[in-house]
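S.K.: These are the residues of each chain, in order.
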Amino acid sequence: DVKVTQSSRYLVKRTGEKVFLECVQDMDHENMFWYRQDPGLGLRLIYFSYDVKMKEKGDIPEGYSVSREKKERFSLILESASTNQTSMYLCASSLSLAPGTPGYNEQFFGPGTRLTVL
Amino acid sequence: AQSVTQLDSQVPVFEEAPVELRCNYSSSVSVYLFWYVQYPNQGLQLLLKYLSGSTLVKGINGFEAEFNKSQTSFHLRKPSVHISDTAEYFCAVSGPLRGKLIFGQGTELSVKP
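As given, the protein sequences belong to chains C and V, one line each in that order.
Count along the first sequence from 1, then add 46; that gives the number in this note's numbering.
Count along the second sequence from 1, then add 480; that gives the number in this note's numbering.
Chain V on its own, in the form it takes in the complex (with noise of 0.2 Å):
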């Protein structure tokens, strides 16, 4: 079975700082992970997803990821935050079967000027 921790639930930063969410995924079969972020008050849009082929992923808004097989492990990074990236983010994990995607608990990053 699948299944999808995300380490943090709650990250207080300060504005320019570098972050990092992580994300550590258990699956016996090929995976594919996306990372999901939700603003106040909306639904989720899609920030960055691996399928296949480099391990280094880049998404919107200066968000990037990378797949670690060995660690089990997609943690998405920014290297300076703004304000407006505050927001709950979601890490998911699918596999190669029909159109599930299994959610982590969420983290909610919390910038602070």
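Isolated chain C, as found in the complex (with noise of 0.2 Å):
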């Protein structure tokens, strides 16, 4: 069964504190993804990597920061943590898969991080 754990299922931290939430899987995946998740607007994707230090921007990454130093984890850094940032963050991995093929584009998800910004 593929993993995915995040470091922490609750954080609460402070304005303008530098937060870092980890992400690890287990199976070997290239791609690496990052989701917050907010009532009535679903899951928006904050950055993805697909490879080893390669990152790119998702829908909405101001006020965020990614580091991808090992195949197996992937961080998302909050530079100096806002209230707007009070969320519920999830990561996910997949597959790197021609598409249409098995498997192609689905994506394993960590239990999720509810971040608290006072």
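None of these hints come from the bench; they were simulated from the model.
No false leads were mixed into what you were given.
The calculated lysine to aspartate or glutamate pairs, modelled on EDC-like cross-linking and capped at a C-alpha distance of 16 Å, are: (1) C:Lys-116 to C:Asp-97; (2) C:Lys-99 to C:Glu-118; (3) V:Lys-580 to C:Glu-152; (4) V:Lys-592 to V:Asp-565; (5) C:Lys-49 to C:Glu-68; (6) V:Lys-592 to V:Glu-495; (7) C:Lys-116 to C:Glu-76; (8) C:Lys-117 to C:Asp-74; (9) C:Lys-64 to C:Glu-125; (10) V:Lys-580 to C:Glu-102; (11) C:Lys-59 to C:Glu-125; (12) C:Lys-49 to C:Asp-72; (13) V:Lys-580 to C:Asp-105; (14) V:Lys-580 to C:Glu-76; (15) V:Lys-580 to C:Asp-97.
Facing chain C, from chain V, some residues (calculated, C-beta under 8 Å): (16) Ser-489; (17) Gln-522; (18) Gly-523; (19) Leu-524; (20) Leu-531; (21) Ser-532; (22) Phe-570; (23) Gly-584; (24) Gly-586.
Glycine included, every Cβ here is placed at the ideal spot set by N, Cα and C.
Could you fit the two chains together into a complex? Lean on the hints.
M.R.: Dropping the structure here:
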């Protein structure tokens, strides 16, 4: 079974703090993703990575950065946390497959980190 | 650009009743469609997917979905729901380019006894 783990289930930080959210997957997936989930807005992509040291902006990258130094680990960084970054953060990973092949774009998710910024 | 619209934000239903969760997509390229489920306090897990072939797709836990290209829909159905099906359901679409999924806003299914 693919396992995606996230470093914390719940996190409380103060405005202005630097926050690190860690994600690790154990199935040698090339692709990794960070989403935030807010009620009524679904999942919105923050950043993704197709390979080690590669990153691409998603739909809402402002206020966030990422790091991927090893294939299995993808970190999300809030440089200076703000109250509007209070949210559920979900990490996911997937294999890099040709379009249409079994397993194509099937993302495996971690349990999420509920971050509260006070 | 691709987009997904889930037409109902909340669907209350009684146990053993049938249910349909609606999903419409917009895309100018060939699409691949997914339904994910999120149980309370958990991450998302894949229910079913359409990549090609038969337009009727069967998934886990008795769910199925039908891909309708002319109506650009991918509605999720279950003939008889259980209390344990209470969860949030997300429809997602991807195109032929790398890796990304576009998610809908989610539908909260609430099954009552």
